[in-house]
Amino acid sequence: SAVLNAGYQVSLSHTSPTSLKTDAPPEVIWDIMRAWANMFPGKKSFELEPSKTIMSKESSIQVSFKLHPDAEPKSRCNNLLRFQINPAPNWGPKCRATTRRDLASC
1 SAVLNAGYQV SLSHTSPTSL KTDAPPEVIW DIMRAWANMF PGKKSFELEP
51 SKTIMSKESS IQVSFKLHPD AEPKSRCNNL LRFQINPAPN WGPKCRATTR
101 RDLASC
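Be aware that the sequence shown starts at 1, since it is given in this note's numbering, and climbs by one per residue.
Treat the hints with care, since some could be wrong.
[As the list claims (entries may be wrong)] Only pairs whose alpha carbons sit at most 30 Å apart, straight line, appear in this in silico DSBU-like list of lysine-lysine: (1) K21 x K74; (2) K43 x K94; (3) K52 x K94; (4) K21 x K44; (5) K74 x K44; (6) K57 x K43; (7) K74 x K43; (8) K74 x K52; (9) K74 x K57; (10) K74 x K94.
In short, the hints are calculated from the structure, not lab data.
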């Protein structure tokens, strides 16, 4: 919702259930992650140099985590599966097709 509220498009990827596709620039994504880290700081502090540098930057946008109406995809509302379960063990691409040669005809 934060990406949509910032005015950019976002959708789920077809390759991984935990990845997203968006047209938002990296700076906006970093601003959203910084805002999330400030809201839910966790157990570790931001005193180490990399995290201190990242968290010290000011946000260039106003981040809103309010639920956006387009945040829930229609496929999920209709209970459609995006990532199918394999129907059997070792299901998937098999070995390349080969021809059998008769050793007697050689």
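Results of checking the hints against the structure:
A C-alpha spacing of about 16 Å is found between K21 and K74, which places the hinted pair at or below 30 Å, so the restraint holds. At most 30 Å may separate the alpha-carbon atoms for a hinted pair to count; K43 and K94 exceed this at roughly 47 Å. For the given pair, K52 sits about 50 Å from K94 by alpha-carbon distance, which is inconsistent with the 30 Å threshold. Distance check on the hinted pair: K21 and K44 sit about 29 Å apart at the alpha-carbon level, within 30 Å; holds.
Between K74 and K44, the direct Cα distance comes to roughly 37 Å. Violation of the 30 Å bound is thereby established for this hinted pair. Note on K57 and K43: the hinted pairing holds, with a Cα-Cα distance of about 21 Å set against a maximum of 30 Å. Simply put, K74 and K43 have alpha-carbon atoms about 36 Å apart, too far for the 30 Å limit, and the pair is violated. Restraint check: the Cα-Cα separation between K74 and K52 comes to about 39 Å, which exceeds 30 Å; the hinted pair is violated.
For a cut-off of 30 Å, the pair hint linking K74 to K57 is broken: about 36 Å separates their Cα positions. Between the alpha carbons of K74 and K94 the distance comes to roughly 34 Å, so the proposed pair goes past 30 Å and is violated.
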